[in-house]
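Chains H and E supply the protein sequences, listed in that same order.
If you read the first sequence in this note's numbering, its first letter stands for residue 1, the second for the next number, and so on.
If you read the second sequence in this note's numbering, its first letter stands for residue 317, the second for the next number, and so on.
There's no promise every hint is true.
[Stated by the list, open to error] Have a look at the derived ranges for each label pair, beta carbon to beta carbon:
1. F23/H to P471/E: 52 to 60 Å
2. W347/E to Q189/H: 48 to 56 Å
3. V26/H to L533/E: 44 to 52 Å
4. Q93/H to T331/E: 24 to 32 Å
5. Q93/H to E364/E: 38 to 46 Å
Think of the hints as simulated: they come from the structure by calculation, not from any bench.
Note that beta-carbon positions come from the ideal geometry of N, C-alpha and C, so glycine has one too.
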Amino acid sequence: MANGGDDGDPRLMVSGKALVKRFGGVAAVDGIDVEVRSGEAFGFLGPNGAGKSSTMRMVACVSPRSDGELRVLGMDPDKDGPRIRARIGVVPQLDNLDAELTVRQNLQVYGRYFGLSRAHVRAKAVELMAFAELSDRADDPVDPLSGGMKRRLTIARSMVNDPELMLLDEPTTGLDPQARHLLWGRLYQLKQQGVTLIITTHDMHEAEQLCDRLVVMDGGRIVAEGSPASLIARYSTREVLELRFAPGEQDGQVSRVADLAERSEALPDRLLLYTADGEATLEAAHARGLRPVSTLIRRSTLEDVFLRLTGRSLVD
Amino acid sequence: MSTDPGPPAQRATGTVVPGWRAMWLRVEGHWAWYRRYWRSSLYSSGIEPLLFLAAMGLGFGSQVEAGPATGGHSYLHYVTPALLVAGAVMSGMGESSFPVLSGFKWQKDYIAVTATPITPGQLLGGQLAWLGIRLTLSGVVYGLVALTFGAWLRPGAVLVVAVGVLAGLACAAPVMALAAATYDEGRRFIVMFRFVMVPMMLFSATFFPIDRIPIELRWLTWISPLWHGNELARAAALGGGDPLAVAGHAAFLLALFAGGVVLARRLFYRRLVV
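Excised from the complex, chain H in its bound form (with noise of 0.2 Å):
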């Protein structure tokens, strides 16, 4: 425990052993293993209520653990909480600006709380307002900014101790498309600064996007972990063909293709079947003579690998 506590592994940024919270009698994390190495983007992988934001707030030591171990930067959260919390930057899932002050006031007096010096948050919101293209809002009150500007503010402040690690908690829910990649941009920077980024979501394509690993939760356990590309490949085939049909007609379908693909999924709309090769798959059900609406062969996603693991849908 000497220099900062750091014992252990120092690349070992987070480590947690059975890692166990309880809420009353409900177990919304229930033993997890997790380990998270020094500059790397890191995935929690699941539906609401799979227990990423419990482990979340566990690690950024706002929660304290009900069992097990948890190691945040070689330091305890019990006992380490404040030194931790000086260290790393936290995204919450909903964005908890001051909305009376401006932009500019709002990075300032965050980074006090971190004990910066005054001149130091003064350069730093405005290093931070050009990284989170902010700056000609400056000083202008939060509250009317859009829900993209906001959710940018909210990550630039995060940032304003230089965290050795972010925690980003569902970062692009609720954001439009093009809010969407300015963000995966910003962070990906960060990435490529060495920052390690724990996030969570439930979107399949920003973890595919973000995260060199991943683990998949369900009701508080981790039923899958390793990176997008090795998750796909274990769990999925390469390609997936995916069969529409009108309202009513899908019923019966499944057995009679089942066999042309690995495994099939009957999904409310619509028929999937894992298969190698997608384009063969489909000219053998045209053969046994169904007629699908429409037709789409993709290749495998998270998405997949998530349905595959849990038996349900990401979205749900």
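Add chain E to chain H, keeping to what the hints say.
Coordinates of chain E only, in the frame set by chain H:
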């Protein structure tokens, strides 16, 4: 796990700020807000009691003769110190209700602050310190204007501002605790204003002495923090206070404040560290 660790990360610039300074940083944050909104804020907390003073002290008071009930003083001199304390108590309770609940629930800035090295206890301390500063500011403004009315009799009256701050904070701390334990839309505050604050203002010997209150109801006045504040304020402004009584009134307010802080601190942690 063959992930490339990438270039070595920067060392964060954040540090842990020691307790009292951390509290002060929260005050500084409030000050940034105040610089933008001081006019409306000072109006509601400082000018409002002055309207009362004009109406009650000068207007209504002109019809009241100095007598034993006012300790031989003019009604203006009698009511001026109590109105400062009543104003401080009202704004202390008001500022600790919905604005504090908003920190937890609507604006959620308390959640943002406690994600930094600042702890919930320091956040609460900053909140109380800031309130104390605002009560001082509005007390001083009120006191200076009252001075131009000739409403103060002796230099000891400057202590009335301190009494107002003490009484305001003593009432604020338990209300902050209540706000930390409020998870709904805060209807209980409306009830509190209507059934606790207003009766307290009316029956705490603010406008007339306690001996006009029927003996069987007088205990309600005795437990009213505003009454203790009023007694202290009159002792300072008009003189002639019994030292033992003064100590008792001060002890009551200090105890209420201390109890409120202990409770609020516990409830702040319960709300923010879950």
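Comparing the hints with the structure gives:
Here the CB-CB span from F23/H to P471/E is close to 58 Å, well matched to the stated 52 to 60 Å. For the pair W347/E and Q189/H, the supplied restraint of 48 to 56 Å is violated, since their beta-carbon distance comes to about 34 Å. Between V26/H and L533/E the C-beta distance comes to about 49 Å, which sits within the given range of 44 to 52 Å. Against the hinted window of 24 to 32 Å, the Cβ-Cβ separation of Q93/H and T331/E comes to about 27 Å, which satisfies the hint.
At about 39 Å, the beta-carbon gap between Q93/H and E364/E stays in the expected band of 38 to 46 Å.
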